[in-house]
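Numbering (this note's numbering), first residue to last: 9 to 630.
Simulated from the structure, these hints should not be mistaken for lab results. Honestly, I wouldn't trust all of these hints.
[Said to hold, decoys possible] Quick list of in silico lysine-lysine cross-link-like pairs, DSSO-like style, CA-CA up to 30 Å:
id : residue 1 : residue 2
1  : Lys139    : Lys552
2  : Lys123    : Lys80
3  : Lys106    : Lys167
4  : Lys444    : Lys433
5  : Lys433    : Lys329
6  : Lys611    : Lys433
7  : Lys106    : Lys139
8  : Lys167    : Lys80
9  : Lys552    : Lys495
10 : Lys149    : Lys216
11 : Lys286    : Lys513
12 : Lys37     : Lys62
13 : Lys80     : Lys106
14 : Lys44     : Lys20
15 : Lys44     : Lys11
16 : Lys20     : Lys433
17 : Lys52     : Lys139
18 : Lys52     : Lys11
19 : Lys11     : Lys53
20 : Lys444    : Lys552
21 : Lys395    : Lys37
22 : Lys624    : Lys462
23 : Lys149    : Lys545
24 : Lys274    : Lys462
25 : Lys540    : Lys462
26 : Lys52     : Lys167
27 : Lys286    : Lys433
28 : Lys62     : Lys20
29 : Lys571    : Lys552
30 : Lys395    : Lys495
31 : Lys462    : Lys395
32 : Lys549    : Lys624
33 : Lys44     : Lys216
34 : Lys444    : Lys545
35 : Lys216    : Lys278
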Amino acid sequence: MNKFILGLQLFKNMGLRYVSYRIFHEFDKRFGTLQKRHPIHPQKKHYISLNNWKQLDIPFVFNARERISTPKNPTLLLQTNASRIFAGEVCFFSHDWKNLGVDYDWVTNPDTNYKYNTNTHWSKIDDFNPKNGDIKYVWEKSRFSYLLTIMRYDYHFEKDNSEFVFKEILSWIKANPINQGPNWKCSQEISLRMINWLYSLFFYKDSKYLTEEVFQEIMHVMYWKLHHVYHHIHFSRIAVRNNHAITETLMLALSELLFPFFPETKKWAKKGKYYFEKEINYQIYDDGAFIQHSMNYHRVLIQLLTFGFAVTQSNPHFFSKLVYGKAYKALHFLIQFVQVENGKVPNYGSNDGALFFPLSNVDFQDYRRSLNSLHLLLTGESIFEQKEDFVDIKHKKISIFKPIQIKQGSIAFDESGYFIFRTQKHFTFIRCASYKDRPAQADNLHIDIWVNGKNVFFDGGSYKYNTEVETANYFFGTQSHNTVVIKDSDQMMKGGRFIWYYWTKSLKTVINETSDYYCFEGSINAFKHLNKNCIHKRNIKVFKNNCTWEIEDNVLNNHFKAKQLWNYVIEANVDIIAFENNNKLNAQSKDAYQSNYYGSKFKQKGVYFEFKNAIKTTLKIE
């Protein structure tokens, strides 16, 4: 397709601010401006002594391990995970344990064995090169989330592995010179590393292994991490504008509280707080949905808000009322998707396995503990029995919000286009949206079906962001979703890695209810790269008292062959019957893959029905 037309599409979808910034940022890289702004080999400065730091009243999540009141729970799983970490293993993307060895160099990709050059300024590092592999495999250990496991192990088993913890931090500092190599590339990764280092510093603040020398090394790097985030903040706010911007602006907003001895933090915090509140206002829709159209990144948001509110508990007016109100809406939104049997939610949207602060032993797919922590802070009450470690109300609850209930029946999040039908036995989720922000996947009018907490008809997930084009296109495209394709084409036209052209648009959504079923009617303008007037209509009946769904799809202004797609778990007892003009259609097999964890995929069951303009289908699940 004509590059000029696609350029206009990009401009229309992303806006002048985005396009202009990307152009100027490229100039900054090519002409060395970023290198000047982020210098290498900066001179060391003395900001505060270790002893004076210990005397400061810094409002962290906790002050020291001795003051933590979380009940002791020395589980075998926690002991096993800690032992694996001591042996050189790291859990990647919340599920995949890899043995990196006790002398890992911090810059070799364990997925490809490609070793990055730490003599290269971060601005010259290519983070999406097929030869290098997915850079997230390098970033994962460098987040230092695994130190929280060691910290929890020490607390519950009454051990002291602070020597190991500080050796790990010092090893990273030695292997990653300031502003050089892959681990200085992403400001969000830098921010998360700072937070996890802070957890270690406060937990082990009285350790004999936290010497003056060690403390000064850490503080030197901490300063330049904050410096990096502040001086590159507009990249996340303009070029990315998602959870990255939330993480980074929050880090800056809290910087004066956490690092009052750094000379610039008053300025950085003022700007950071201003930016953070703007991002919260923009990225959390009025109905509580999150800008990234992703359940997992919505949880990332919840975790970041929990951390920010825990740090500022002593000052419940630190953030504006708008921030707390939006946080409550975001919490309410995600809670409605939780399966009460196991804490799982639909695997909708991009999912990179991110669990920033693993403060419990539960599986990555169980959202209850993360949601419970924010609910506790905002309402003063728990919504689930399960709790995270080291999350407590040290002061009064932040604001007066009512406890949230998981609702039965139909729920419509009209602004963002999410629709839920919940009964005692099954759960149905449908997406019918218009995008004001960048789509993640080509999945409009996808239907997700759960029975007794089991995801029977599923969203395929994400697998990997940097993998073979065909594989990436499957998971991000329409084929991995339960909806309709035309001419085997995605609903939107795929551009670069996270770019779609010809965004789908919701035209109509209506929800009705009878004594026997819930009824959804929705239509979208889709496949505009094939025919700008193409419309996909979907009507769904969700029966209340049995596991039956009736789906009717109509495609208007279509001149190509259409397919209705179904992806479901192999072990499910499923009956699918489809008709076109009263003629029964034969189901044809298709490849179907499910990726519940980043970097992992397995084969499931897939079928499709070919039709011209209209198809009626009945799903029954035993």
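Enumerate the violated hints, using their earlier numbering and listing them in ascending order.
-> Violated hints (numbers, rising): 1, 2, 4, 5, 9, 12, 14, 15, 16, 17, 18, 19, 20, 21, 23, 24, 25, 26, 27, 28, 30, 33 and 35; every other hint is consistent with the structure.
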